[in-house]
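Trainee: Residues per chain, in single letters:
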Amino acid sequence: MSTGEDLNALDDATFRATVRDWIEKNYPPEIRNPTKRLHFAENKPWYLALSKKGWLAPGWPREHGGMGLSATKQLIMTEEFERHGCARLNDHGMTMLGPLLIRYGTEAQNARFLPKILSGEHIWCQGYSEPGAGSDLAGLSTEAVLDGEHWVVNGQKTWTTMASDANWIFMLVRTDKTVKKQEGISFLLVPMDVPGVTVRPILNLERHDDFCEAFFDNVRVPRENLVGEVNQGWTMAKTLLGFERIFLGSPRQASYALSRLELLAEHMGLADDAVFRDRHAQFELDLADHNTLFASFVARLRRGETLGADVSLLKISQSELFRRITDYMLEIAGENAALIEPIEGNRDLNPAGLFLQARPSTIYGGSSEIQRNIIAKNVLDLPG
Amino acid sequence: MSTGEDLNALDDATFRATVRDWIEKNYPPEIRNPTKRLHFAENKPWYLALSKKGWLAPGWPREHGGMGLSATKQLIMTEEFERHGCARLNDHGMTMLGPLLIRYGTEAQNARFLPKILSGEHIWCQGYSEPGAGSDLAGLSTEAVLDGEHWVVNGQKTWTTMASDANWIFMLVRTDKTVKKQEGISFLLVPMDVPGVTVRPILNLERHDDFCEAFFDNVRVPRENLVGEVNQGWTMAKTLLGFERIFLGSPRQASYALSRLELLAEHMGLADDAVFRDRHAQFELDLADHNTLFASFVARLRRGETLGADVSLLKISQSELFRRITDYMLEIAGENAALIEPIEGNRDLNPAGLFLQARPSTIYGGSSEIQRNIIAKNVLDLPG
Amino acid sequence: MDIESDQTATDEERMETIRMLRDSAAGFLGSDLGRVRRLRFQDPGFDRSTWREMCGFGWLSVRIPEAQGGLGFGMQEYVALAAELGAALVPEPLILVGLSARCLPQEYLPAVLSGDRIILPAWQEEAGTLADAPRQTTFDGRKLIGEKRFVMHARGADAFLVTTMSGLALVEAMASGVSLTAEQTQDGGHYGTLRFDGAVANAIPDAPFDAAVADATLASAAYLLGLSERAFRMTIDYLKIRRQFGKPVGAFQALQHRAVDLYLELALTRASVENAATTIDSNVSGSQQRAAVSRAKARASRCASLVCREAIQLHGAIGYTDEADIGLFLRKAMTLINHLGSERAHRARYVALMKVA
Amino acid sequence: MDIESDQTATDEERMETIRMLRDSAAGFLGSDLGRVRRLRFQDPGFDRSTWREMCGFGWLSVRIPEAQGGLGFGMQEYVALAAELGAALVPEPLILVGLSARCLPQEYLPAVLSGDRIILPAWQEEAGTLADAPRQTTFDGRKLIGEKRFVMHARGADAFLVTTMSGLALVEAMASGVSLTAEQTQDGGHYGTLRFDGAVANAIPDAPFDAAVADATLASAAYLLGLSERAFRMTIDYLKIRRQFGKPVGAFQALQHRAVDLYLELALTRASVENAATTIDSNVSGSQQRAAVSRAKARASRCASLVCREAIQLHGAIGYTDEADIGLFLRKAMTLINHLGSERAHRARYVALMKVA
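Protein chains in written order, with this note's numbering: chain H, 1 to 384; chain L, 385 to 768; chain R, 769 to 1125; chain F, 1126 to 1482.
No lab work stands behind these hints, which were simulated from the structure alone. C-beta atoms are modelled at their ideal positions from N, C-alpha and C, and glycine is treated no differently. Each hint should be verified, as a subset may be incorrect.
Some but not every residue of chain H turned toward chain F, in silico, with C-beta under 7 Å [what the hints assert, rightly or not]: (1) W159; (2) L203; (3) N204; (4) E335; (5) R359; (6) I363.
Start from the sequences and build out the full structure, keeping to the hints where you can.
Mentor: See the structure below:
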C-alpha cells in the first residue's frame, strides 16, 4: 500500500482521463467484462494493483490510506471502472466495513483492521441476513453472549455474498433479547478460519456460487472485536445504507441490458420491426429519465445534502427497469431464451443469463416491496 | 301485465330468434343505443311494452308474473337486448328486490309489491352505500328505530342510482348497534314520496345525473315493511350478490369499447399502424379469453352449480379490460381526447365519454380492490 | 452517462429568482378552485380581468427578451412558473399567447404583453399531429385560405397567428372571411375550428416559430407536472382522512404501493422536465434541445394520465362525482395530454431526433 | 359472443375418462421433484425406463387412432394429461414424439408407441419462427441436405422426422451424413443442431403434419398451464408459511393483490386452453382451430412468464437459489415459452387466422 497523490486537485475532466489511462494500462485483460462475479483467486491481481497504486478505497480519508475523493470524483472513478468492464472486487471491506470503522471504530480497531483491508490480507464478507430475517432484518436471531473476555456466537447467516472467499465477517448479532428488536443488536467482527465456523456455498439460479450460508457454533471472539457500543449495531449499520442505495440506483445494469436488447433484436432480425422499435423507444425514454433522476440525487449529494428516504426511488426505478428490459429480451429471443450459454458463442449476448441476473436485483439490498414500504411510511407519511 | 307462454320449451336457437324478432318489432327506435343511462320518463314506453308482453322479469317464477326462464335463456335474452342496443331500464325492482322478496318476503309482501313492479307503478332504487360506508358497506349507520308499529328512519344514503326516478327504495338500515356490525342490519322497504325523504342528484364526471343522495329525517315506515327477520338484512342482501357479479363480468362493455377503438383507429389513420395492430391484437386476445372464462362460469351456472367467490374474477377481468381499452383510446385520440361531444357528430365515437364511463366500472359493485380482497381471503385462503 | 463537472454547479442567485417567481405565483393563485370551477363551460372559459393581472405580473413576458419589454428569463424560470399554473389549473391561455408573443415583431408586443390583445396561435390541421409544416393553409401575402382545427380558447382571441405554407400570418378574429365554430372540451373550455375564406392577414416574417413551440411544449409538460403533483397530494391527503374498516384507507398496503408507483413517476417527470429546461438554457444543438423537450412532454403526458386515473380510483365513488375537485384535474389532463403532441408522437420524435443528435 | 346451446352440455362419461386419466397420471408422477432434479444436465435429460413406463400407460398414444393401435382420444383428454405432465415438470419428450407418431405410417408405429424407438421432429431452421415450410432443407427422395436447429432432446433420439422442401423425411440418428451438436438449456436439457450432408432418409408421404403441430402446440400450452398452476400453488403455500415482521407474508395486502392477479391470469389460461381443445374436438374450420390454438399458446406463454417471474419475487432470496424447487418451474418455463411458437408469434398468427376464419 502506498499513499498516492491527492487527485482532488485535478479538474474533473483531467481526473477522468487520468483514471481511464491508468486502468487501460493496468487492468488484467483476461478478466475484462466477466459474465459472473469473480472469486478472489481470479480478481486478486487487480485488487493488488489497485492496492499498490493506493486506489483501493476512493472514499476513505487519506490518513487511513484512502484517496479522500469527493463524491463526484468517486462516481467518475466508478464510471471509468464500469466503462472498461472491470470486475467487481471482494469489496465489502472497502465499501462497507471501512467507512463504518472509520466512523465508529476505536483507534486500535482502525489500526488493526484498515491496513489489512488495503493490503488484501483480510477479505471481508457481510453477515446480516438470516433464514428467518430477510426483509425483516431486525428480526435476526444469531446471538452473541459474553463469557468473560469473549463473545460466544451461535446461529446462522445466509446470503453472505462471496463468504467462501472471505477470512473475516462483520456481523449483526443479538446481544439483548429483552428489548425492542432493533435495540438488542450489536456489530461484531469475526474471523472465519476458527473452529465452529462453517461455510456452505449456495448455487443461485445462474448456478454460480456467489453467495453462501455461514454457520456459527460456539465461536469465541475477543471482546474487543465489537464495534461501537453494545446494542448500537442496528443504528450503525443503518447509517451506511443511504450511500449503498444510491449505488444500487446507478443506471449501469439497465443501461447494459438495453444495449444487449439492441444486439438481440439485430440477431433476431427485429431491429427495424415497428413494434420492437416502439417498445425500445419507451425503454430509452425510461432509461434517459432514470439517468436524469439519478443525476439529480448525485447533485444533491455533491451539494453536501443528506439524502432522505426517497433515495429508495432510485433503487426501485433502476432494478425494475433492468427487470422489464430483460423480461422483454426473453419475449423476443425465440428459442434462445432457453440457452444457458451465450448465443452463438458471443459472450456479450446471453438473454437468459441477463434475465436471471435481473431477478435478484429487486430482492437484495431491500426488496422492491420493502423500498415501497419505506417510501409510503417515511416520505408519503401514510399511516399504518 | 299478462302471463305469457312458457318459452323454456323452445330450443335455444328458436328462443333467440323469437326474442330477436320481437325486440326488432317492438323496441322504440328513438332510444336505441343511448349514450347515457335513460330516466324513467324516457324508457317508460319500453318498460310498459315488456310489461304487457310479460317479459319484464325473465328470472322470476311464472306464478309471480315472471318468465321462469333457465339461466341460459336469461343470458340469451340479455344478449339480444344488448345486440339491439336496448336501453337499460330502471330495473332494481326486477333484478334486485323481486328475487329477494320471492325468497324472503311474506305472502302479503309479495302480493303487495311484485305486481306493482311489473306494472311500472313502483319504481325502485337501492339504498345500500353511505358516505361513510362504501367498500366497508357493513359499516353503515342509517338507523331504523321501532316506535310502536312504525320504524323511524334517520340517515343518509348515497350513490343511489336513479333515485330521482324512484318512488320506493329498499334499504339496509341499522337496527341494532350493540352487536357485530354485520349482525345488526335489517332490510326495509321505504316509500320516497313521504315527508322526511329528500333526494339530491349528484352530477358524475360525465355530468350526467345517474346517481343521487337520499336523506331520511324521521321517516316513519309501517312495521310490516321490513323484509325477513330483524337483523338478518346483511345475509339476505349478500345472497343476491353472486348473480349480480356474473352480470358485471359480462364482456359487453369491453367488447363495445374494442369495437369503438377500431373505429377510432380508422378515424385517426392508424388502422394499419403496426404498433396499433399489435396493441389491438392483445386486446382481442384478452377479450376472447375473457369471453371464454365468462362462458365457463355461465356453463357452471347452467349445470346448476352455485358459484363461489371466484366469480369476482370476472368482474375484475371485465372492468379492467374495459378500462385499459379506453385508456388506450385516449392515447391515440389526439386532440379528440378532450372533446365532450362525439367526434364529428358520430355519436358512436366518443373516446372521452367512453373513457369516463369506464372509470366507475372498477369502483361500483365492489371495487377492484375489494374483489381482490375477497379472492385473496375466500379463494386463495391467504391469512390476515 | 457522465456526471456533469463541478463547474456547472448551482447558480444560487438563479435558484432564488425561481423560488420568488414560484412563491409569488402560488400566493396569487391560492389553493381554492372555486374560480376555476365557475369559469367552466362559460365562454370564453377564462377571465379577462384575471388575465390582465397575470400579464401585469409579467407571466406572459417570461421568455420575451428584455430588449423587447419582456423579462428575458430562461426556461428554468418558465417551467417553475408553468408548474404553478398547472397546480392551480389556471384556465387563462398564458402558454399559447406566450407562444404567439415570441413570434411577433416588436410593434405588436406592447398590446399583447399588457393583456389588451389576445393573439392565439393556430397551426393544427388534423388531430394527433405535431406542430409541423401546414399542408393546406395558403397565404399569398394578403389573403388566407384554409382551415385550422383544435385552436384552444379560440373564442377568447382578438387575433390569430396562423401557420401557412408561406410562413406565418396574423389575422383579426373579426376580419371578414374568418369563421369560427367551437367544440366543448372536458376541462370546461373549448377547441375552435377556424375557416379562412380569403380573409386579409399580415405576414409575420422571420419568427422563431419552432423555438416558440418548443418552449410552449415544455411549458405544457411543466403545467402537467404541476397538475399531477397536486392531484397526487390531494389523493394522499384523502387516503389519510378517508376511513373504511376502522382505519384510514391509506393504511392498506396495496394502496400504499400504488401511491409509491405514482410518486416515482412524478419524480421521473420532474427530473425530465427540469432537465429539458436546463438543456434549452444551455447551448447544445437544436436537435438535442428538441429531443429533451419531446422526452419531457412524453413523460409528463404519461404521468398525468397515470396519476389522474389512479387518483380517481383511489378516491373511490366520490372521485367519480363532478363536485369532487379531483375530477377537475382528470378533465384538465384529458385536455392537455395530447395537446402540443401526445406521448406517442413525442416518443417517436425523440427517437428520430436522437439519431441525428 | 353467443352462449352455446344446451345440446352441447357436458358429456358425463367423457368427464369421467378425463378425470381418470388425470388421476392416474398424477398418481404415477407424484409430487416429489427429486427425479426431475437429478436428470438435469445429464444426457439425454430424461430417463429411458420411465419413458417406457409412460408409453405403457398409453400417454404417447392418446391422439393416435384406435385403428392404428392408439387410444383415439380427443384433444380434451390430451390437454388434461399434458397439464399433469407440466405440473410434474416431466422431462420425457412425450409431446414431441407424439407429434412424430401422428405423422408416421402404420408400419413405424408399434416400435414408437411401445417406447422402443424415439423419433423426434426436426423442423426449425432459425430461432423465433413457427413450424412453417422449411426454406433450405432439401430432400431428393433419397438424400437430405441442410440444417435443423433447436431440436429439443436431440441426443435422446433414435431417428428424426425432418421437414424438407419436398415433404417429410425420416432419418436415423446414427446414419452417415448426420451430425449433431448440442447446447444446454435452462431446464437441464438441451437443444440439438442437426446437420445433414447427404444422409440417406425415407420419405414419409401424406402426413398430417400441420394438425400434429397444432396438437403439440396446444399440448405444450397445457403443459405450461399445469406448470404455472403448480408454481402458483407452491407460492401461495410459501406465502402462508414464510413469516416476517411477526406475521405470514401472505397477510400483506400488496402481495395478496398480486397473487390475485396471477390467479386471474391462470383462470384465463385454463379457459383458453380448454376452449382450444373443445374447438379441435369439434368440426369447425381448420383456421378456426388453428386460431384457437394460437390464442391458447400465446396466453399460456404469457401466463407462465408472469407467474414464474412473480413466483421468484414472492419467494424472495430463497427463490433465487438453485436448490429451491420454484426455480425448476421458472427454468422449464424459460425453455418452453417460445418453443413451438412464442407469445408474439402466436398473437400475430391469431390475428391473421381470424381474418380468414
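Trainee: Run every hint past the structure and note whether it holds.
Mentor: The hints, checked one at a time:
Given hint, W159/H at the interface with chain F, holds; its Cβ is 5 Å from that chain's nearest Cβ, closer than 7 Å. With a cut of 7 Å, the hint placing L203/H at the interface with chain F holds, because the nearest CB-to-CB distance is about 4 Å. A hinted interface residue such as N204/H counts as satisfied when its beta carbon comes closer than 7 Å to some beta carbon of chain F; here the least separation is about 5 Å, so the hint holds. With a cut of 7 Å, the hint placing E335/H at the interface with chain F holds, because the nearest CB-to-CB distance is about 4 Å.
Given hint, R359/H at the interface with chain F, holds; its Cβ is 5 Å from that chain's nearest Cβ, closer than 7 Å. At its closest, the beta carbon of I363/H sits 6 Å from a beta carbon of chain F; the interface hint therefore holds under the 7 Å criterion.
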